[in-house]
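Undergrad: Starting from the known structure of chain A, arrange chain B on it as the hints suggest.
There are 2 protein chains.
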Amino acid sequence: MTPRRIETLALPGIPLVQPGDDLSDLILAALDRTDVTLRRDDVIVVAQKIVSKAEGRYATLSDVAPSAEAEALGAEVDKDPRLVELILGESSRVVRHRPGLLIVEHRLGFVLANAGIDASNVEPANGAERVLLLPEDPDRSCRRLRDAIATATGTAPAVIINDSIGRAWRHGTVGTAIGVAGLRSLLDLRGEKDLFGRALRVSTVGLADELAAAASVVQGEGAEGTPVALIRGFAPEAEDGSVGELLRGENEDLFR
Amino acid sequence: MTPRRIETLALPGIPLVQPGDDLSDLILAALDRTDVTLRRDDVIVVAQKIVSKAEGRYATLSDVAPSAEAEALGAEVDKDPRLVELILGESSRVVRHRPGLLIVEHRLGFVLANAGIDASNVEPANGAERVLLLPEDPDRSCRRLRDAIATATGTAPAVIINDSIGRAWRHGTVGTAIGVAGLRSLLDLRGEKDLFGRALRVSTVGLADELAAAASVVQGEGAEGTPVALIRGFAPEAEDGSVGELLRGENEDLFR
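Respectively, the protein sequence lines represent chains A and B.
Sequential numbering of the first sequence, starting at 267, is according to my numbering.
Sequential numbering of the second sequence, starting at 267, is according to my numbering.
In case anyone wonders, no lab produced these hints; they're calculated from the structure.
Computed from a prediction, not measured in an experiment: that's the story for all the values here.
Hints are supplied without guarantee of correctness; some may be wrong.
Said to hold, decoys possible - For lysine to any residue, the following SDA-like pairs were computed, each having C-alpha atoms within a straight-line distance of at most 20 Å:
hint, chain 1, residue 1, chain 2, residue 2
1, B, Lys459, A, Ser469
2, B, Lys459, A, Val330
3, A, Lys459, B, Arg456
4, B, Lys459, A, Arg464
5, A, Lys345, B, Gly322
6, B, Lys459, A, Gly420
7, A, Lys459, B, Gly355
8, B, Lys459, A, Glu518
9, B, Lys459, A, Arg396
10, B, Lys459, A, Glu389
11, A, Lys459, B, Glu490
12, A, Lys345, A, Gly322
13, B, Lys345, B, Ala394
14, A, Lys345, B, Ala489
15, A, Lys459, B, Ile280
16, A, Lys459, B, Leu282
17, B, Lys345, A, Arg396
18, A, Lys459, B, Ala489
19, A, Lys459, B, Lys459
20, B, Lys459, A, Ala391
21, B, Lys459, A, His372
22, B, Lys345, A, Val283
23, A, Lys459, B, Leu520
24, B, Lys345, A, Arg464
25, B, Lys459, A, Ser328
26, B, Lys345, A, Ser469
27, A, Lys459, A, Ala434
28, B, Lys345, B, Gly355
One chain only, chain A, in its complex shape (with noise of 0.2 Å):
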């Protein structure tokens, strides 16, 4: 099951991604354009980023007018408050602020900066400022994109959404998954022996966001143009998977 050699590609030529562009027609003539047949052990992997673009999930900030909580957050945390409101609009709850930096807790469950709002390779209108928010649901826009893929092919390819997100103890990003179709995400090797026919230590595996780490590297930050991974080589056990499997619930959490 765990397979012995995966290839992960870039696509080449994506375009800029307009709201109501579809993605999988996007993918497919990239799919063409690379001369790959997609396989049964194929995983798509794409930037959250143009996952948001083609739902139109842009909000403009002169639009927004910030509630005096916003303010007052933005003033502790030196950013700009119609930015802090839309933070505040996605999330459940602040888990850490100081100057420079806004940790929350996304109405989807994931712990991360800024609700994972931002401006980088987001294209003005009419030149107002504009930020994108994360997809409304990015599990069903992962079985969305991978039904459509399926019917136009006939392979149904598991499909991830990742994105940038940074961790607790650490310093950089690493490419995370915040959408999941056709795959498990977590890997139970509870039961599983060891070499020596003992318990093994880990007994979970994050498989969905060691997928999205590897494709991170081949998608690179934006400027490149490269939002879409293939993955050739993982052909996932069961398919009935989602995102949620990766989140760890309030009573099982100490660092928020």
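TA: Positioned in the frame of chain A, the structure of chain B alone reads:
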């Protein structure tokens, strides 16, 4: 600089490692069997477990006399006080604990459960239960391995030691770098521009961790017997890296 394609493969036929074994010999033999000639854009990723074994980082539980502190903490976290004694000896402080869980800051700066000490895939010696500690200086282990491979082949690959480490807010471990040689661990994008000429949101990327995660997909968790992965297609821009680049200092850490 962002690669367009990387290939990640598990090297077959690495035998059970014994104290004193020369890992470079084992890896070179595995490369030979795989018909792989090392290239400048190869990264060798080695699981912590076999580095610790080669370096003889065993402890025998029956030899450990737990302190009163280890006895008390062991009762609180429901772990063998001798194991807790070893964990405390490898740690600079306890970060969080509760029954079944002991998260510490390792003397090397990593925040992880049980100071990375465990017994899975460790063979008992004369019936005595043994555990394995992290390598004494994983960056040094990486440099030595890199130098030995360079001497034998004329090519100096980047080398990473990875371990399966848990996360604050997510279930499941992910392959994470604990030692690095021959590449910069942290990709610094400060000053880089996005597609529209603005500063990128993401300023640093934990590249060694992304590579460590990619390798983990093919390494598995031990029973596969494939603790070494080769990542081909990643040519580091700078070679003077260390795992310390990835570690937050105390004053930057909001979650200890």
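Undergrad: Straight-line Cα separation of lysine 459/A and glutamate 490/B no greater than 20 Å?
TA: Holds. Lysine 459/A to glutamate 490/B sits at ~10 Å (cutoff 20 Å).
Undergrad: Would you check the hint for lysine 459/B and glutamate 518/A, treating anything up to 20 Å between C-alpha atoms as holding?
TA: Judged against 20 Å, a Cα distance of about 39 Å means the pair is violated.
Undergrad: Decide if the proposed pair is consistent with the structure: lysine 459/B and alanine 391/A, CA atoms, cutoff 20 Å inclusive.
TA: Judged against 20 Å, a Cα distance of about 19 Å means the pair holds.
Undergrad: Could you grab the alpha-carbon distance between lysine 345/B and arginine 464/A and see if it respects the 20 Å cut-off?
TA: With Cα atoms ~17 Å apart, lysine 345/B and arginine 464/A stay inside 20 Å; holds.
Undergrad: Assess, step by step, whether the Cα of lysine 345/B is no farther than 20 Å from the Cα of alanine 394/B, and give holds or violated.
TA: holds, 18 Å
Undergrad: Please work out if lysine 459/B and serine 469/A have their alpha carbons no farther apart than 20 Å.
TA: Not OK: lysine 459/B and serine 469/A at ~41 Å, beyond 20 Å, violated.
Undergrad: Between lysine 459/B and arginine 464/A, does the CA-CA distance stay at or below 20 Å?
TA: violated, 51 Å
Undergrad: Please work out if lysine 459/A and lysine 459/B have their alpha carbons no farther apart than 20 Å.
TA: Between lysine 459/A and lysine 459/B the Cα gap is close to 48 Å, so the pair fails against 20 Å, i.e. violated.
Undergrad: Does arginine 456/B lie within 20 Å of lysine 459/A when you go C-alpha to C-alpha?
TA: violated, 45 Å
Undergrad: Starting from lysine 345/B, check that the Cα of valine 283/A is at most 20 Å away, please.
TA: violated, 53 Å
Undergrad: Taking 20 Å as the top limit, are the C-alpha atoms of lysine 459/B and glycine 420/A close enough?
TA: violated, 39 Å
Undergrad: Lysine 459/B and glutamate 389/A: Cα distance at most 20 Å?
TA: With a Cα-Cα distance of about 13 Å, the restraint between lysine 459/B and glutamate 389/A holds, given a limit of 20 Å.
The structure shown violates the earlier hints numbered 1, 2, 3, 4, 5, 6, 7, 8, 12, 14, 17, 19, 21, 22, 23, 25, 27.
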